[in-house]
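Assemble chain B onto chain A, guided by the hints.
Number of protein chains: 2
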Amino acid sequence: MARVVVDVMPKPEILDPQGKAVLGALPRLGFEGVTDVRQGKRFELEVEGEVTDEMLASVEKMAETLLSNPVIENFAVYVETEAASEVAE
Amino acid sequence: MARVVVDVMPKPEILDPQGKAVLGALPRLGFEGVTDVRQGKRFELEVEGEVTDEMLASVEKMAETLLSNPVIENFAVYVETEAASEVAE
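For the protein sequence lines, the chains are A and B, in the order given. Going by numbering that gives the first Met the number 0, the first sequence opens with residue 0, and the numbers climb by one from there. Going by numbering that gives the first Met the number 0, the second sequence opens with residue 0, and the numbers climb by one from there.
All the given hints hold, so there is nothing to weed out.
The list cannot tell twin chains apart, which means a pair is met if one copy fits it or any two copies do.
Straight-line alpha carbon distances no greater than 16 Å define the calculated EDC-like cross-link-like pairs of lysine to aspartate or glutamate that follow:
#1 K19 x E45
#2 K10 x D35
#3 K10 x E63
#4 K40 x D15
#5 K60 x E31
#6 K40 x E72
If you are wondering where the hints come from, they were derived from the structure by calculation, not from laboratory data.
Looking at chain A on its own, in the form it has when it is part of the complex (with noise of 0.2 Å):
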């Protein structure tokens, strides 16, 4: 069982309401520094057996066709190592 990650992100040219409503909420919670947030969404796919190329490519093609809009969003695909495998508190 191996873990393919697709994370997809708003373009930098189109407006992300998400993200500047975060982006104002920092400061009035006592946070600094920060000059800028985008929100995005994160899937996290479990595949059978071992990642092979077809599978990778299968992936991007899910990525392209059900999990972003490509009119807007941009989206990396990337096979999750053990290492980094948990999203942990």
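Here is chain B on its own, set in the frame of chain A:
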């Protein structure tokens, strides 16, 4: 200018209807070999100057108080290196 990334994912024991919807859509679109999908959020924070330990601690605090709901979500904070700095198409 440096970029700090915060990944926020639903905890493993928490139902993830968005991820389940994606998982259900994949076979209908002809994609096979994916056994589970989890959907979370990705925040890209641009910070002034170098990323100090103090700034990282501050971002951890932001993640805990504003960017995630610690009851149902885990988060990970890391500095994005130049090499991997673009979510490109």
